[in-house]
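*Asks:* Spelled out, the chains give:
Number of protein chains: 4
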Amino acid sequence: MSLQNPVFIPGPTNIPEAIRKACDVPTIDHRSPLFATILHPALDGVRKVLKQTRGETFIFPASGTGGWETALSNTLNPGDRVLAARNGMFSHKWIDMCQRFGLQVTQVDVPWGEGLPVAQFEEILREDERGSIKAVLATHNETATGVVSDIAGLRRAMDAAGHGALLLVDGVSSIGSMDFRFDAWGVDVAVTGSQKGFMLPAGLAIVGFSEKAVAASKTATLPRTFWSIDDMRKGYAADAYPYTPSVGLMNGLKLATEMLLAEGLDTVFARHARIAEGVRAAVAAWGMKPCAVSPDLYSNTVTAIRTPEGFNASRIVEHAATRYGMAFGTGLGDVAGKVFRIGHLGSLTDAMALSGIATAEMVMADLGLDITLGSGVAAAQAVYRHGAAAERMAAQ
Amino acid sequence: MSLQNPVFIPGPTNIPEAIRKACDVPTIDHRSPLFATILHPALDGVRKVLKQTRGETFIFPASGTGGWETALSNTLNPGDRVLAARNGMFSHKWIDMCQRFGLQVTQVDVPWGEGLPVAQFEEILREDERGSIKAVLATHNETATGVVSDIAGLRRAMDAAGHGALLLVDGVSSIGSMDFRFDAWGVDVAVTGSQKGFMLPAGLAIVGFSEKAVAASKTATLPRTFWSIDDMRKGYAADAYPYTPSVGLMNGLKLATEMLLAEGLDTVFARHARIAEGVRAAVAAWGMKPCAVSPDLYSNTVTAIRTPEGFNASRIVEHAATRYGMAFGTGLGDVAGKVFRIGHLGSLTDAMALSGIATAEMVMADLGLDITLGSGVAAAQAVYRHGAAAERMAAQ
Amino acid sequence: MSLQNPVFIPGPTNIPEAIRKACDVPTIDHRSPLFATILHPALDGVRKVLKQTRGETFIFPASGTGGWETALSNTLNPGDRVLAARNGMFSHKWIDMCQRFGLQVTQVDVPWGEGLPVAQFEEILREDERGSIKAVLATHNETATGVVSDIAGLRRAMDAAGHGALLLVDGVSSIGSMDFRFDAWGVDVAVTGSQKGFMLPAGLAIVGFSEKAVAASKTATLPRTFWSIDDMRKGYAADAYPYTPSVGLMNGLKLATEMLLAEGLDTVFARHARIAEGVRAAVAAWGMKPCAVSPDLYSNTVTAIRTPEGFNASRIVEHAATRYGMAFGTGLGDVAGKVFRIGHLGSLTDAMALSGIATAEMVMADLGLDITLGSGVAAAQAVYRHGAAAERMAAQ
Amino acid sequence: MSLQNPVFIPGPTNIPEAIRKACDVPTIDHRSPLFATILHPALDGVRKVLKQTRGETFIFPASGTGGWETALSNTLNPGDRVLAARNGMFSHKWIDMCQRFGLQVTQVDVPWGEGLPVAQFEEILREDERGSIKAVLATHNETATGVVSDIAGLRRAMDAAGHGALLLVDGVSSIGSMDFRFDAWGVDVAVTGSQKGFMLPAGLAIVGFSEKAVAASKTATLPRTFWSIDDMRKGYAADAYPYTPSVGLMNGLKLATEMLLAEGLDTVFARHARIAEGVRAAVAAWGMKPCAVSPDLYSNTVTAIRTPEGFNASRIVEHAATRYGMAFGTGLGDVAGKVFRIGHLGSLTDAMALSGIATAEMVMADLGLDITLGSGVAAAQAVYRHGAAAERMAAQ
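For the record, the sequence lines run as chains A, B, C and D. Using this note's numbering, you'd call the opening residue of the first sequence number 1 and step up by one each time. Using this note's numbering, you'd call the opening residue of the second sequence number 1 and step up by one each time. Using this note's numbering, you'd call the opening residue of the third sequence number 1 and step up by one each time. Using this note's numbering, you'd call the opening residue of the fourth sequence number 1 and step up by one each time.
Each hint should be verified, as a subset may be incorrect.
Treat identical chains as interchangeable: a pair holds within one or across any two.
Said to hold, decoys possible - Lysine to aspartate or glutamate pairs mimicking EDC-like chemistry, simulated, CA-CA at most 20 Å apart:
1. Lys48 with Asp183
2. Lys212 with Asp334
3. Lys289 with Asp96
4. Lys48 with Glu258
5. Lys289 with Glu114
6. Lys51 with Glu318
7. Lys234 with Asp334
These are calculated hints, taken from the structure and not from any lab test. Being a predicted model, the structure only gives us computed values, none of them experimental.
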């Protein structure tokens with residue numbers, strides 16, 4: 001593995017120079033006033049990226065998975081019923097967590113490559129006249145399949161069904177890279193991590209709670225200490241944490257939000273869309289198809305690519321690593337061996353993206369797939385030549 | 001707050017240059033073979049520092065507090081009874097966590113400044129003939145009071161009582177700085193973090209499980225996902241994590257254990273003892289006393305210093321920060337306002353320690369305490385002139 | 001300009017992560033024993049890269065240009081005659097320096113794109129029966145044109161002519177990337193810098209002196225202080241410098257030589273040859289030609305590419321920087337506007353090289369040149385797929 | 001030697017965190033527009049620190065010694081006469097450089113510990129009716145002895161003598177730390193380096209030229225290429241360098257000047273004065289004397305301390321390094337073995353200074369000198385308690 005090549009895993013992403021430096025700080029007393037000048041701007045910045053003006057926001061010193069646990073344990077009670085779809089490894093894992101917490105999961109199985117079945121959810125919610133479903137879980141962007149789901153539509157469906165369940169959204173691989181509207185979509189808990197759109201190393205679980213979710217936390221009885229938003233809120237009020245925070249990552253997060261907001265969220269999203277379009281153009285040029293079954297489901301942060309029947313897609317990832325020192329993502333769960341993934345989120349230039357596409361071509365050719373060298377690159381180049389964001393990247 | 005002054009909080013500690021660099025890495029694919037070359041040496045190094053040859057060791061990407069949660073949730077069942085002493089803020093908080101998990105805590109209250117009441121514990125365990133106590137919780141080093149407790153003695157007492165409870169030990173502010181013997185002391189779960197003796201930023205919870213504790217995890221029914229050692233074990237077997245690890249911190253931990261073992265654990269402990277002795281000599285020269293009530297309880301990683309009656313000790317910490325840009329620790333909980341703390345763990349030279357002592361003198365004089373300038377420094381210098389470890393530090 | 005894209009200027013090169021860290025050190029007393037542990041391994045490492053076992057080696061805290069001045073001022077006297085060819089901007093500049101020093105230059109003008117005229121030099125030297133020529137200047141690799149000259153052949157010619165002039169060689173953009181044999185080629189002074197094959201930032205001028213060149217320094221009367229090898233030698237004997245050295249860069253140089261030697265010089269040279277061959281394959285696919293007029297002159301560290309008549313080649317460099325945030329080299333002097341340059345030396349992977357080639361294609365297409373997108377990439381991919389050094393790069 | 005202790009050599013200084021990061025940059029094309037955004041602010045910042053509004057300023061990628069060579073070679077002709085005093089190692093070395101350049105030096109020998117003999121210089125200049133003296137050399141701060149000379153007074157003396165010689169000033173260890181007024185003092189060439197008041201690593205020679213000095217460069221015939229201000233000026237006009245610049249150090253210099261100007265030059269000077277006063281108070285408490293013979297000569301950047309007759313002062317430096325991992329400066333030249341030096345310039349807090357003083361006390365006691373432990377610390381503490389700049393340092 002080369003430390004000089006960009007990575008093309010769907011997170012952690014490539015880290016901009018300035019963010020690496022912001023994370024690498026000498027020890028700062030986390031109970032000193034200096035820490036307050038990091039904590040509050042970081043929280044404020046996150047809220048702007050979430051488009052969250054109501055409720056509360058919390059940052060835990062842990063991986064993003066902890067955000068799922070925060071969402072559940074602060075809002076639900078043992079035995080509560082939740083509604084969730086399983087359309088990829090990450091939605092699968094969140095459901096598994098629910099079960100471990102003793103929640104009853106109404107699970108809707110969806111072929112991997114499809115999105116959250118909004119109409120079916122609406123139907124189920126309509127039928128739940130007694131309101132036994134306490135929360136709806138939604139994975140905004142399935143990292144395993146490169147499928148984006150329609151959270152705004154889900155909110156409309158919930159409203160149409162007149163159902164009062166909480167809407168808990170996993171935005172780990174979407175927030176900061178694709179449009180996400182905490183307020184407008186009526187999200188009750190949004191979960192993300194530091195290592196995707198925020199371009200940081202892993203180590204921060206970031207969660208937004210609506211006022212309704214905060215209210216639920218007052219009575220929720222699932223056990224929690226580390227993930228307690230009550231403790232966290234009390235800490236913030238004293239410019240501190242209930243335990244030792246990750247000061248360097250917080251400082252990096254502060255800068256990351258400044259960078260995203262300085263670039264402009266719409267510009268950031270457009271940049272991701274452009275890079276992703278180039279990758280998809282390459283996939284088409286190779287005669288392949290994304291795992292996502294229709295264009296409206298295409299993710300702008302990760303593309304899972306179906307390889308020919310009978311070919312073990314994981315060989316691509318392995319060969320790329322050992323032969324060219326480059327990291328791609330393997331297929332997981334139901335699509336293991338059937339897809340490989342190109343992550344294209346965070347801080348990425350056209351030139352970086354092209355090096356990934358070019359390397360993927362060599363790898364597939366080496367492994368005997370019928371790939372015309374340069375074909376995917378040429379298709380992506382055609383897209384990138386008409387993009388407009390390179391100049392902005394220059395500032396980093 | 002100056003970024004150039006050493007910090008004298010009882011963790012996170014000053015970070016050696018080489019460790020900062022080891023933590024600050026470009027993104028490495030945590031599912032690539034390269035990660036295995038970080039993960040396993042880090043685990044092996046930790047085991048050597050813990051003096052653990054049996055059972056299993058886990059590293060969670062979270063603050064040390066998460067280690068407490070790991071210890072409880074993997075070994076206990078709702079309603080289980082545990083025995084614990086409350087002799088400082090951190091033992092207090094661990095008890096609080098037990099209660100939130102629905103455990104029944106047999107709590108022994110001990111004046112802050114005293115150690116774990118081994119004889120009283122033995123008595124309680126003897127009386128528990130039915131074995132209702134499932135775990136004994138012990139804080140090896142109370143960071144709030146600078147008191148070290150006798151874990152070896154506790155193990156002897158448990159054995160003498162013929163009690164089969166698990167021995168769960170919080171070694172957050174002792175492990176890596178003071179002698180800790182996982183095997184020899186019969187520890188069942190040892191908990192620590194990255195930001196103390198390991199000289200890293202916060203962000204890793206490190207736990208050792210004995211075979212007995214691992215066995216308990218097979219039936220323990222407290223809910224867990226993020227903190228599940230089962231998931232973690234499965235991850236390690238595949239050279240991976242059940243979620244995204246903190247690769248940079250893991251790489252730093254690998255180096256930290258190499259540095260500790262290269263220096264020699266006994267030398268590391270002797271260095272901490274020497275630095276601590278100098279600080280205590282300074283305290284005596286100031287006409288003050290440690291919070292720890294007797295010399296056998298003196299911690300070699302942190303000294304809590306009682307200030308004169310009627311004086312708010314927190315002013316020292318505040319004035320040191322704003323006037324001299326230096327960080328000390330405040331008193332917490334029962335001793336808030338009554339003590340201030342000098343952390344002296346991790347990577348610290350005599351010269352650094354003297355700068356802290358000299359600054360503390362200026363601060364106390366500024367605030368009207370009756371301190372002879374230079375007196376504490378002179379007392380510490382007398383200690384440090386006879387130490388022998390400076391040369392080793394030179395290599396860092 | 002993006003800090004995330006690799007650079008394709010012919011030096012300073014992309015800096016490997018480990019070298020950046022080795023250069024970024026806290027202040028180290030340059031008169032302490034610690035400095036000796038940096039200085040001598042750095043010097044020894046350089047000697048191995050130069051293949052120099054005789055004479056002396058010096059490292060000046062200055063840009064490589066200072067190496068030229070060191071070569072001249074320590075070996076020559078005002079009015080001395082030197083023989084030099086002008087076949088690019090850097091040979092031109094060295095001649096200019098000679099003239100400023102009051103040396104008489106016998107200048108042979110060679111079309112830019114050609115190499116050093118060995119036969120003509122031999123003839124001139126044969127004619128110089130009285131030995132009025134004191135030194136022959138040779139630019140091993142003309143960075144402006146991407147032309148490598150035959151130093152071994154020049155030595156044979158000098159010997160054949162029976163001429164005793166010193167052989168002063170500019171190896172700035174060859175040493176560490178292409179084979180260079182100080183001893184075997186009878187080089188008297190070799191000059192290089194830190195920012196090319198050694199993969200460091202600019203700031204060190206590195207020079208090797210043969211015993212004959214050292215002997216010449218005993219009587220040479222050109223003025224020198226900063227560049228005095230006598231002062232430098234005295235410093236080294238005391239593990240020090242005659243003035244303040246660049247400790248961080250020296251520490252980086254020590255590591256750089258370790259890395260080059262660990263990879264193996266032959267492997268390093270083969271890697272450069274492979275990357276270069278890929279670039280030249282791309283150039284051919286674009287229907288263009290290198291500035292170097294014949295394959296034996298092709299440089300493995302930089303390729304200067306002739307653009308079509310009437311097209312200002314500098315636009316490529318400008319557009320690449322402003323549109324795609326990528327740096328290429330402009331044409332200089334006689335070939336300004338006629339060539340642009342792709343630097344491919346130092347630490348470079350196939351994937352990085354492909355990103356440069358792909359970007360160059362977009363740039364040229366944007367500017368209206370008749371380029372088939374992907375064509376150069378495909379040609380380079382074909383070369384890189386058969387290379388073998390990617391695995392070694394993985395370790396970095 | 002510890003990398004964690006502050007250094008107390010008189011340069012290179014301790015480097016603030018932010019400056020280390022500013023110097024540690026990925027490769028930036030030094031011919032790209034991005035470089036212009038570093039170059040010009042760095043030059044502008046230097047001019048403000050020099051208090052230079054007229055003439056020109058140049059930054060060479062070399063050690064400060066190169067600045068001396070720049071001053072001489074751009075303004076003088078072989079055989080020219082210069083006036084200089086020898087009152088320390090650095091004035092001695094500059095004179096030596098003059099002699100190597102073939103200049104005639106009218107050398108005034110002054111006991112080391114005294115300043116530049118202004119009255120005697122005035123007399124010599126008055127006697128030079130034909131104006132044969134072309135330049136007066138003055139060392140503003142003799143780093144070897146800790147003596148500051150009166151440049152303003154020298155200018156008045158030159159004017160009083162009606163002499164038109166150029167005034168060349170070595171401000172290497174004064175500029176940025178003590179008041180320096182290029183314009184007001186009529187300085188013709190000011191020389192400094194990056195590694196003192198600018199708090200950077202060594203590697204930049206910084207020179208200011210008055211219009212008169214620039215005019216002299218038009219006819220000066222000493223040979224120069226690397227140090228040519230003409231070449232440098234042409235480079236700057238094209239946003240570039242005549243050869244490869246040290247981009248990282250330039251970027252650091254830009255930040256360093258921003259930091260100095262944000263703090264305020266007067267505040268910076270007051271901070272140095274305060275720290276120095278504390279060191280001198282410690283020296284007095286030890287019963288010792290500075291090498292500088294009178295208070296008006298005391299340097300605020302370095303104190304050379306005379307040790308008792310018969311004691312080899314170099315043992316202090318050696319013992320401090322090997323026993324406590326701390327760096328002080330040895331005596332040089334005429335005062336070798338008679339003094340040791342404490343450098344106290346650049347970015348230094350009270351706490352850091354006290355660690356140096358406390359360590360020096362231990363060292364001297366270890367070596368058998370009659371030192372009361374804590375005495376110097378107490379004296380310095382008394383000074384530092386009344387200082388006011390600690391808060392500002394906090395921001396760094």
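*Asks:* Please go over all the hints and tell whether each is borne out by the structure.
*Replies:* How the hints compare with the structure:
no. : hint               : result
1   : Lys48 with Asp183  : within (11 Å within a copy, 50 Å between copies)
2   : Lys212 with Asp334 : neither (35 Å within a copy, 36 Å between copies)
3   : Lys289 with Asp96  : neither (30 Å within a copy, 53 Å between copies)
4   : Lys48 with Glu258  : within (10 Å within a copy, 30 Å between copies)
5   : Lys289 with Glu114 : within (14 Å within a copy, 50 Å between copies)
6   : Lys51 with Glu318  : neither (39 Å within a copy, 36 Å between copies)
7   : Lys234 with Asp334 : between (42 Å within a copy, 19 Å between copies)
Violated hints, in rising order: 2, 3, 6; the structure is consistent with all others.
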